[in-house]
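J.: Starting from the structure of chain F, add chain W where the hints point.
Just so you know, the protein sequences line up as chains F and W, in that order.
Heads up, the first sequence is in the working numbering, so the first residue is -12 and it goes up one at a time.
Heads up, the second sequence is in the working numbering, so the first residue is 5 and it goes up one at a time.
Derived from the structure by calculation, the hints contain no laboratory data.
Take these hints with a grain of salt, some might be off.
What the hints assert, rightly or not - Restricting the straight-line Cα-Cα distance to at most 25 Å, the calculated cross-link-like pairs of lysine-lysine (BS3-like) are: (1) Lys43(W) / Lys139(F); (2) Lys214(F) / Lys13(W); (3) Lys86(F) / Lys13(W); (4) Lys86(F) / Lys33(W); (5) Lys43(W) / Lys39(F).
Here is how the chains run, residue by residue.
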Amino acid sequence: MERRDLVIAGTGHASGGLYNLVKLSGNGKLYGDIDCLELQVQGNAAVEGSVKANMVHIAGKGHVAGGMECEWMKVSGSVRIGEHVQCQEATVRGHGEVKGSWTAETVRVHGELTIGGDCSAERMEVEGHFTVGGLLNAGYIEVKLLGPSRAKEIGGETIVIKRQGSSLLKKWFFPAELTVDVIEGDSVHLEHTTAKMVRGNRVMIGPGCRIERVEYRDALECDEEAKIGTVEKG
Amino acid sequence: MEQELISKKELLELTGISYGQLYRWKRKKLIPEEWFIRKSTFTGQETFFPKEKILARIEKIKELKDELSLDELAGMFAPDPAAVVLTKEEIAKRHIVSDMVLQWLNDELGDRQDVSFAELLSFYIVDRLLRSGEISLEEGKNIWRMFESHYPKLQGKSCELVVLRKMGVTACLLMEGAGGLYAEEGAKLVARLHVPAFIEELKLNISEG
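Chain F extracted, bound-state conformation (with noise of 0.2 Å):
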């Protein structure tokens, strides 16, 4: 079948299909399953069903009610996403909610996150905060802490959780700190961060940490403001 257009400007709906370029500016609502090369959204967009695409670039409000599969995806605003999620790789600046799964291989988040199953990626990088309702599975995870964050589990290579400045006000009443059941990876560098069990070969427990049980292979610093349960070396 031939991919053509669909260009809505202002308020519209459509139905969903095999499309070469979807280019929603304003209010647009599409229904059923989209299949496109590029699709792309000004304004507030509804899908009624999944997207498959190459490119996604939302600037405003996008939400799709079935999952999203497409190779990159920028966000500027907010995606809500009712169901899993594969790309190779997507920028996120504002909000971004996934209510199954995660899987890419670069995933930036400016903002916040939230995931309701597990997320996983070569690279993760956020600046901000985020929940994750299972694992957070990531080669190389990178986090600078703005807002309260949890994870059921985070799981990898190289795993920095670390505190960005912000106001007093913030600091009060949005504590940015981490909470999480179990923390593994070969190399693990912690600030802000509560944890029943944290293990890894080198670990670096920083300031602001309260740790219950700690198992390291090689290297273990604790920071004289953290507090820390048992310490195991394996």
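T.: Leaving out everything else, chain W in the frame of chain F:
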């Protein structure tokens, strides 16, 4: 029939791999999700693995990872049979199944030359059972027939083949996933095979050819 489990910590010590490697292999789907078994212990939630399977798998990954990329390895371990079609000649040449089963395969397929992976898989598994002397040729044919009619529904999923015998009467079944199995008294568990393991073997066999 309980399988022995190994904790994540023990596994890493025993195999000498790091957390990073384990997580990377999990990400690349070299280790199936269902092998990560969560159990609560006194230190909180811990992850356990089916010991035999995971040790064999890690051994194989270590052995092959210099030759194949992780993605290629993942393709080999996936329970989804490759879209491979072999001809009868090739099967004979590579000695994938014994001569007797080859003869039977010839009879079953008639003039058709091409054999799909799924078809070959069922012959391969039956051949293995026959060779180990656990079943008779007649039982083998029943297993093969059952496989032919039910396996397509399970394709891409992990499943087990179970063969039971009581008072000389044999029954076979395909089980999705890897749950527990409890049989009545007097029934003998003739064989319980993890099908993905054979898929791997067969894929290796074909790619090496």
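J.: Now, for every hint given, state plainly whether the structure supports it.
T.: Structure-based check of all given hints:
{"no.": "1", "hint": "Lys43(W) / Lys139(F)", "verdict": "holds (15 Å)"}
{"no.": "2", "hint": "Lys214(F) / Lys13(W)", "verdict": "holds (24 Å)"}
{"no.": "3", "hint": "Lys86(F) / Lys13(W)", "verdict": "violated (31 Å)"}
{"no.": "4", "hint": "Lys86(F) / Lys33(W)", "verdict": "holds (21 Å)"}
{"no.": "5", "hint": "Lys43(W) / Lys39(F)", "verdict": "violated (37 Å)"}
Of the numbered hints stated above, those contradicted by the structure are hints 3, 5, listed in ascending order.
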